[in-house]
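Line by line, the protein sequences give chains A and B.
Mapping of the first sequence onto this note's numbering: residues 1 to 249, in sequence order.
Mapping of the second sequence onto this note's numbering: residues 1 to 313, in sequence order.
Simulated from the structure, these hints should not be mistaken for laboratory data.
Mixed in with the good hints, there may be bad ones.
Straight-line Cα separation of at most 30 Å, DSBU-like style, residue types lysine-lysine; simulated pairs [stated by the list, open to error]: (1) 127/B <-> 82/A; (2) 10/B <-> 242/A; (3) 127/B <-> 176/B; (4) 10/B <-> 82/A; (5) 176/B <-> 135/B; (6) 242/A <-> 3/B; (7) 82/A <-> 135/B; (8) 3/B <-> 181/B; (9) 135/B <-> 247/A; (10) 135/B <-> 181/B; (11) 110/B <-> 9/A; (12) 3/B <-> 176/B; (13) 135/B <-> 9/A.
The chain contents come next:
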Amino acid sequence: MSVFLSLFKKELQTCFLSPIAFVVIFFFWVLTGLNFWWLLVQLADGESLTMAQQQIFGGLIGFSLLVIVPLITMRLFAEERKLGTLESLLTTPLTAIELVAAKFAGSLVFYAVLWLPVVAYTAMLQRFSPSATFLFPDLGAMRAGFLGIMLVGGLYISIGLFMSSLTSNQIVAAISGFAVLSIQFFVLLFMAYTAPNPDVRTVGQYFSSYAHLLDFSRGIVDGRTVVLYLSYTAWFLFAAVKVVESKRT
Amino acid sequence: MIKVEGVTKKYPARLAVDDVSFEVANGEIVGFLGPNGAGKTTTMRMLTGYLPMNSGRIEVAGYDVATHPQEVRRRIGYLPESCPLYPEMRVDEYLRFRAELKGVRASARKAKINEVKEQCGLTEVGKRIIGQLSKGYRQRVGLADSLVHDPDLLILDEPTVGLDPYQIRQVRELIKSLADKHTILLCTHILPEVEAICERILIINEGRIVAADTEENLHKRLHACTVIEMEILAELKAATAAIAGMGGVEVRTARDLDGGWVWLELEADSSAMREELFNLAVTEGWALRELSEQEHSLEETFVQITQNQGAAQ
Chain A
1 MSVFLSLFKK
11 ELQTCFLSPI
21 AFVVIFFFWV
31 LTGLNFWWLL
41 VQLADGESLT
51 MAQQQIFGGL
61 IGFSLLVIVP
71 LITMRLFAEE
81 RKLGTLESLL
91 TTPLTAIELV
101 AAKFAGSLVF
111 YAVLWLPVVA
121 YTAMLQRFSP
131 SATFLFPDLG
141 AMRAGFLGIM
151 LVGGLYISIG
161 LFMSSLTSNQ
171 IVAAISGFAV
181 LSIQFFVLLF
191 MAYTAPNPDV
201 RTVGQYFSSY
211 AHLLDFSRGI
221 VDGRTVVLYL
231 SYTAWFLFAA
241 VKVVESKRT
Chain B
1 MIKVEGVTKK
11 YPARLAVDDV
21 SFEVANGEIV
31 GFLGPNGAGK
41 TTTMRMLTGY
51 LPMNSGRIEV
61 AGYDVATHPQ
71 EVRRRIGYLP
81 ESCPLYPEMR
91 VDEYLRFRAE
101 LKGVRASARK
111 AKINEVKEQC
121 GLTEVGKRII
131 GQLSKGYRQR
141 VGLADSLVHD
151 PDLLILDEPT
161 VGLDPYQIRQ
171 VRELIKSLAD
181 KHTILLCTHI
191 LPEVEAICER
201 ILIINEGRIV
211 AADTEENLHK
221 RLHACTVIEM
231 EILAELKAAT
241 AAIAGMGGVE
251 VRTARDLDGG
261 WVWLELEADS
271 SAMREELFNL
281 AVTEGWALRE
291 LSEQEHSLEE
301 TFVQITQNQG
311 AAQ
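For reference, chain A alone in the conformation it holds in the complex (with noise of 0.2 Å):
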């Protein structure tokens, strides 16, 4: 335990001293920002509050994770293999398993302090609302949300990580991270939405992240996406396990 906190502590440090953090924090922080201030013009407007609330998590953020999540796994275990650092802490008593859990400990705590200006929004939104029995956006539907995001993240993070154990080239890890995020996202966003067959897009909407996004906004937690989320974070986290064991050279 305390070699996997110590890893992690590590992780935490490199991750947010490296340039990279502030260039993906200010892009992301700007996002939310102008997500925010759309979601106000369309509450002015007049749009329903569903759709509002949607949008808190939805929209331009929740196509930005694709490139977001990359860009903080990228450097995880590529820039280990480049430095020969990855030797170094192998040959150590601690073992793949406290590395990747540590590793993909820390980049879940960066992702979550990407969203923190989504909490203060809330907050300004709630002390602006209309009437005290009726708070916008709803509390539940929020932390829904919020979970919703960690899982979804969490799942991209772990593809991430596993990308980034493959190879000793962190552009590489980047981009072949954004191919597998996005062809995923894509293809089962269009099956989900604009597929012309029922059946296809029932299967879409079981596994689209988007769609389940948008769910999750709304407050809708369906325990059986939640384990999906769970096992696939959880597979290819293990995944990752196997090729730090098995990939040395």
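Given chain A, put chain B in place with the hints provided.
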């Protein structure tokens, strides 16, 4: 401390290590030599459990590397060839991080870190960022890291590569000073380093151990006879005839020098022949200004051993 039995490692395109066996006893300092690409680093990596082997068995401190990698790693301090470090960390931070990973108890950590910093001459750079340190300091940070958990066995892969001569000397002194507390396997292709530090030498070539002995014995094995150089003031023909007449000495080459001096290279059965040569010079009335036994350099021996094997294949 180390027991390697019939270890083989295949890479997709080539056989890197081929049926290698050797042992290193407790407290020994062993030099591990070989030309580039001979399989040195691969062997080191298998010893630390970083690379799996295809067949064979490695035991470190009584633990099998394949089945108890954690136990083995706890007892090894390994300095990889490129001395990988995190450039963005500070020296103190890095050493603390490494000590935590290696399970140095929290109560002993600070003292231990200060101790290795002092040993490696890092006391003044503790607050500096590793990326801004010179190569020599970085090498010492790597060395301090390999010592921080007080390992029984130190495996150093080319610890002085890229250092200036002064730093090389410092690192060598440091390694020597570690010898009484640790078993050391020093991997290098810089031969004077091995001559200066090691008690025993392993030579690997093309994936096979071709020699494992003390430096002295290696020389003996290769050079059955003693070579003596001699300079005398005498007539060349008479001198060679007189020396050849002694028995037990053969003249290899003889050459006239300026001022009537003669330079001779002799092959003798033993170094005791030097005394007899002196006596001969006295009786013959030759002035004598040099009578020395040729020292064999490890370099010569090394080249001979690795090339003989190449020729045999």
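Next item on the list: Could you work out which earlier hints the structure fails to respect and list their numbers in ascending sequence?
Entry: Every hint satisfied by this model.
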